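Dock chain C against the given chain W, drawing on the hints supplied.
Protein chains: 2
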Amino acid sequence: MEIKLMKNILGANDEVAAQNRKIFSERGVVVMNLMGSPGSGKTTLLEKTLARLADKIKIAVIEGDLFTAKDAARIEKLGVEVIQINTAGGCHLDAPMIQKACASLNLAEIDFLIVENVGNLVCPAEFDIGENFKAVVLSITEGDDKPLKYPLIFKESEVTLLNKIDLLPFTNFDLKSAREDLMTLHPSIKIFETSCTKETGLDEWCDWLLKKVEAR
Amino acid sequence: MEIKLMKNILGANDEVAAQNRKIFSERGVVVMNLMGSPGSGKTTLLEKTLARLADKIKIAVIEGDLFTAKDAARIEKLGVEVIQINTAGGCHLDAPMIQKACASLNLAEIDFLIVENVGNLVCPAEFDIGENFKAVVLSITEGDDKPLKYPLIFKESEVTLLNKIDLLPFTNFDLKSAREDLMTLHPSIKIFETSCTKETGLDEWCDWLLKKVEAR
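Here the protein sequences line up with chains W and C, keeping their order. The working numbering puts the first residue of the first sequence at 1, with every later residue one more than the last. The working numbering puts the first residue of the second sequence at 1, with every later residue one more than the last.
For reference, chain W alone in the conformation it holds in the complex (with noise of 0.2 Å):
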């Protein structure tokens, strides 16, 4: 009866994703879903990411959290729009959340949608929300043995972003180890390894996203 009712919850979901999708399409909005654990530099990334982009494509930001709006004060002040998700609790975002946020931006005029996920490695990324690609951002300072802990997030995501780069010296963080087992999981995965403070690999990750939506 329980997997009965989360089938059918991941089914209205679905439908809704379908929806999302289809809206995106028509407005000619490509939508990325960013995920990671809690404190991985999701919004620092994001802070990094507009200001190279923003003034080359027009871009949105939808802000899951559980209870503040934190991040998305952060988003704001780089005169980004950004619409705040607060899921009262709730470990992930789904597609009605996002159709609901939609409403009250103009998608006609956005090129580019970034949505950051509630802070999780699990339960994110069993929701589609209409996203035309998954990212997932895994700190340095997690363990090289995430990824086969954690399989899911990596399979589903088309890129994973090897962040904090920076404290590599200072963990026993395996980066051989860790690409290997990313390769295994997702043979096509991309992955780009970047640090915020010291600003390492984020032309490359702009690039590669600039790419993704001028071929929209």
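It is worth saying that the hints were derived from the structure and are not from the lab. As the structure is a computational prediction, the values presented were derived from the model and not from experiment. Please note that the accuracy of each hint is not assured.
[Claimed, not checked] Calculated cross-link-like contacts (lysine-lysine; reagent style DSBU-like; alpha-carbon spacing at most 35 Å):
#1 Lys-176(W) with Lys-198(C)
#2 Lys-58(C) with Lys-48(C)
#3 Lys-22(C) with Lys-70(C)
#4 Lys-190(W) with Lys-70(C)
#5 Lys-77(C) with Lys-190(C)
#6 Lys-155(W) with Lys-48(W)
#7 Lys-198(W) with Lys-70(C)
#8 Lys-198(C) with Lys-48(W)
#9 Lys-155(W) with Lys-77(C)
#10 Lys-100(C) with Lys-58(C)
#11 Lys-77(W) with Lys-176(C)
#12 Lys-176(W) with Lys-48(C)
#13 Lys-155(C) with Lys-155(W)
#14 Lys-198(W) with Lys-176(C)
#15 Lys-70(W) with Lys-176(C)
#16 Lys-190(C) with Lys-70(W)
#17 Lys-155(C) with Lys-70(W)
#18 Lys-70(W) with Lys-198(C)
#19 Lys-70(C) with Lys-56(C)
#20 Lys-48(W) with Lys-22(W)
#21 Lys-198(W) with Lys-56(W)
#22 Lys-190(C) with Lys-70(C)
#23 Lys-70(C) with Lys-176(W)
#24 Lys-48(C) with Lys-198(W)
#25 Lys-155(C) with Lys-100(W)
#26 Lys-100(W) with Lys-190(W)
#27 Lys-211(C) with Lys-48(C)
#28 Lys-77(C) with Lys-176(W)
Same frame as chain W, but now just chain C:
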């Protein structure tokens, strides 16, 4: 309907949690539910804790993971009895999982049972497993905004470990602000600053645990 079922699921969980708690109490076992984000350092902290306490009290460990037995293998190496629970993608441990795992343990011989939950700062806090107390590990590299962003887990936990404190100089983590937010959320919360690589704060943490177990 969804909400109603969720209440039923939580209600059923709470019933089994109460049964677990009764059995733990009768057998004289103190149970800690150890939670935190992926990569906050739970397993390494556990290794260090076992090394300090295993000759003083009889400890057993239940390891919660989505798929692998990587963490259980690390604990087993220390000669400590360990039961692996694989949630097959599930984002938290619940009371029935613990009940089932405990069937393989001789509880009467155990003083202290440590349950390492799935790496997740959201969902595990919602599920009582029948523990005596919850502990949450927050890595310095996750950022000082996490207590207010993920309040439930810090409200529910009797103790917070600010872990990887050796990385403080390489981050913008504001220790004072994090401590103030923790005290606002949970005025009686106990806070330890720990580093497993530098062996900081571990004696104080283990002394505190030992007192909790001896006071049973």
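For the pair supplied as a hint, Lys-22(C) and Lys-70(C), confirm whether the alpha-carbon distance does not exceed 35 Å.
31 Å, holds
If you draw a straight line from the CA of Lys-190(W) to the CA of Lys-70(C), is it 35 Å or shorter?
OK: Lys-190(W) and Lys-70(C) at ~25 Å, within 35 Å.
Lys-48(W) paired with Lys-22(W) [C-alpha distance capped at 35 Å]:
Holds: Lys-48(W) and Lys-22(W) sit about 29 Å apart, inside 35 Å.
Straight-line Cα separation of Lys-155(W) and Lys-77(C) no greater than 35 Å?
Within the cut-off at roughly 30 Å; holds.
Does the alpha-carbon distance linking Lys-198(W) and Lys-176(C) stay inside the 35 Å limit?
25 Å, holds
Decide if the proposed pair is consistent with the structure: Lys-58(C) and Lys-48(C), CA atoms, cutoff 35 Å inclusive.
15 Å, holds
Is the Cα-Cα distance between Lys-100(W) and Lys-190(W) 35 Å or less?
31 Å, holds
Lys-190(C) paired with Lys-70(C) [C-alpha distance capped at 35 Å]:
30 Å, holds
Please work out if Lys-77(W) and Lys-176(C) have their alpha carbons no farther apart than 35 Å.
25 Å, holds
Do the alpha carbons of Lys-77(C) and Lys-190(C) lie within 35 Å of each other, as the hint requires?
30 Å, holds
Does Lys-155(W) lie within 35 Å of Lys-155(C) when you go C-alpha to C-alpha?
At roughly 33 Å apart (the allowed maximum being 35 Å), Lys-155(W) and Lys-155(C) satisfy the hint.
Hinted pair Lys-100(C) and Lys-58(C), Cα distance within 35 Å:
With a Cα-Cα distance of about 20 Å, the restraint between Lys-100(C) and Lys-58(C) holds, given a limit of 35 Å.
Hint violations for this structure: none, all hints satisfied.
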